[in-house]
Amino acid sequence: MTAESATADDMAPQFTALDGMSHTIPYRHLVGMRYSYVLLSHVIPLVGALTAIALIPWMPPTVLDIAMALALWALTIGVGISVGYHRLFSHRAFRTPTAIAVVITILGSMAAQGPLIIWVSLHRRHHQFSDAPGDPHSPWLSGPGLSGWLRGFWHAHFGWLLTHDMPDPLFYAPDLLKDKTLNRTSRLFLVWYLLGLGLPALIGGVVFQSWAAALTGFLWAGCLRVAVGLQLTWSINSICHLFGRHTHDTGDHSMNLAWLAIPSFGESWHNNHHQSPAAAAFGRRWWQVDLGYLFILTLKRLGMAQEIKPPRSSTAREDAST
Amino acid sequence: MNIEEIENFICESLKEVIDVPPDELARDTTFDALGLDSISRVGLVTQLGNAVGREIDPEMAYEHGSPHRLAVHVAALLGGESNS
Ligand SMILES: [Zn+2]
Ligand SMILES: [Zn+2]
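Heads up: the sequence lines are chains C and V, in that order. So for the first sequence, my numbering puts the first residue at 37; every next one is plus one. So for the second sequence, my numbering puts the first residue at 747; every next one is plus one.
Keep in mind the hints are simulated off the structure, nothing from the lab. Given the structure is predicted, the values throughout are model-derived calculations rather than measurements. Where hints are given, some of them may not hold.
[What the hints assert, rightly or not] List of simulated lysine-lysine pairs, BS3-like, C-alpha gap at most 27 Å:
| id | chain 1 | residue 1 | chain 2 | residue 2 |
| --- | --- | --- | --- | --- |
| 1 | C | Lys336 | C | Lys214 |
| 2 | C | Lys345 | C | Lys214 |
| 3 | V | Lys761 | C | Lys216 |
| 4 | C | Lys336 | C | Lys216 |
| 5 | C | Lys345 | C | Lys216 |
| 6 | V | Lys761 | C | Lys214 |
[Claimed, not checked] Computed Cβ-Cβ distance ranges for the label pairs, DEER-style:
| id | chain 1 | residue 1 | chain 2 | residue 2 | range |
| --- | --- | --- | --- | --- | --- |
| 7 | V | Glu750 | C | Leu224 | 28 to 38 Å |
| 8 | C | Val243 | V | Ala772 | 48 to 58 Å |
| 9 | C | Pro62 | V | Ala772 | 41 to 51 Å |
| 10 | C | Ile89 | V | Val766 | 21 to 31 Å |
| 11 | C | Thr199 | V | Asp803 | 43 to 53 Å |
Backbone N, C-alpha and C fix where the C-beta goes; we use that ideal spot for every residue, glycine too.
Bound-form chain C, shown alone (with noise of 0.2 Å):
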């Protein structure tokens, strides 16, 4: 096995509406899980999040705080997410040595957003039907009028982590389940998880030898950045399939929506992404800033990221008014 060789052998799979509604595990079977996941992932670092905003007026957060939670966004939704979990893994857009997608997919975990496997049968599904029924996240599939709007939203921004039947990696990802190296890696998203709250606490408490540095670098860099992050990301599913441009005609909603771009990494230029989804550029314009693609091209300076994927040749309509 070559260094190259292991991550990305083969192409993601590809599917079609045709392949039907099968392949998914009724929710009622996952349920337990489910419940940990959200408690455990989402439900602590909110609580955390809130916490550390209400106690501002005895502990503000250090500027070392603030520099570990931007550095930790930058590296667990920029890196680990945006390049690592969607672009690499559930796309195949390029290919990096086995090391690199190991601490990528360390990366992604730290992010909250569940095992590597799991998050990209979902998302190979939500592109398999994007906004037909069969999609997993689609904010149009509630009802009609404002209250099918709202429910929609609400849906597609949190309310499916719940309710939505699971996409059976058997079918979905298996060429990450073959691979045993990023299996066990994708296992282990609990402990990586954890090390992504406790680490800044760590680092925090150690350069001041405070338990108080301690408590508030794991409430900024730990919890809060983990809430915001879980925001950012569901609002890609929500929002970039509700409001902003759709350039492309791509028989979906999705959306290009520009004010989300530098925090999201790229991933608000939605509906170019869905225009072409193998593509590891999600901007298509100068001014369309896709920081995820300016790391994989300093990957690939690195020569650590090879056979990088063009976009398809685009459909675009010209939009004047950019």
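Chain V with the ligands: place on chain C using the hints.
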């Protein structure tokens, strides 16, 4: 379905994640050794349940952790049903 047919079905369901053709997979290879995570096990049991027309408790993919053992269990379930 008899035990052998169920084993074959299980191995066929796993064909994308194993290194050998499904009919060559040793029937007593454990799901652990194949690296099946918990959701994949539930997925496997769901597929199997659809095939035999009877819901199977997902826990069974842990308690009976190889194609052979799971097949024996499911065949017994089906047998029990047709007798009653
Ligand atoms: Zn989408
Ligand atoms: Zn995608």
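Structure-based check of all given hints:
1. Taken as a hint, the Lys336 (chain C) and Lys214 (chain C) pair is honoured in the structure, with Cα atoms around 26 Å apart against an allowance of 27 Å.
2. Of the supplied pair hints, the one linking Lys345 (chain C) and Lys214 (chain C) holds, its CA atoms being roughly 23 Å apart against a limit of 27 Å.
3. Simply put, Lys761 (chain V) and Lys216 (chain C) have alpha-carbon atoms about 15 Å apart, close enough for the 27 Å limit, and the pair holds.
4. Among the hinted pairs, Lys336 (chain C) with Lys216 (chain C) is consistent with the structure: their alpha-carbon atoms are about 25 Å apart, no more than 27 Å.
5. With a CA separation close to 25 Å, the supplied pair Lys345 (chain C) and Lys216 (chain C) stays within the 27 Å bound.
6. A hinted pair counts as satisfied when its Cα atoms are at most 27 Å apart, and Lys761 (chain V) with Lys214 (chain C) qualifies at roughly 10 Å.
7. In this structure the hint that Glu750 (chain V) and Leu224 (chain C) lie 28 to 38 Å apart at CB holds, the actual value being about 36 Å.
8. Range check, Val243 (chain C) to Ala772 (chain V): about 54 Å between beta-carbon atoms, so the 48 to 58 Å window is met.
9. The supplied range of 41 to 51 Å is broken by Pro62 (chain C) and Ala772 (chain V), whose beta-carbon atoms lie about 31 Å from each other.
10. Taken as a hint, the range 21 to 31 Å is violated for the pair Ile89 (chain C) and Val766 (chain V), whose Cβ atoms sit roughly 55 Å apart.
11. The hint said 43 to 53 Å for the Cβ distance between Thr199 (chain C) and Asp803 (chain V), and at roughly 22 Å that hint is violated.
Violated hints, in rising order: 9, 10 and 11; the structure is consistent with all others.
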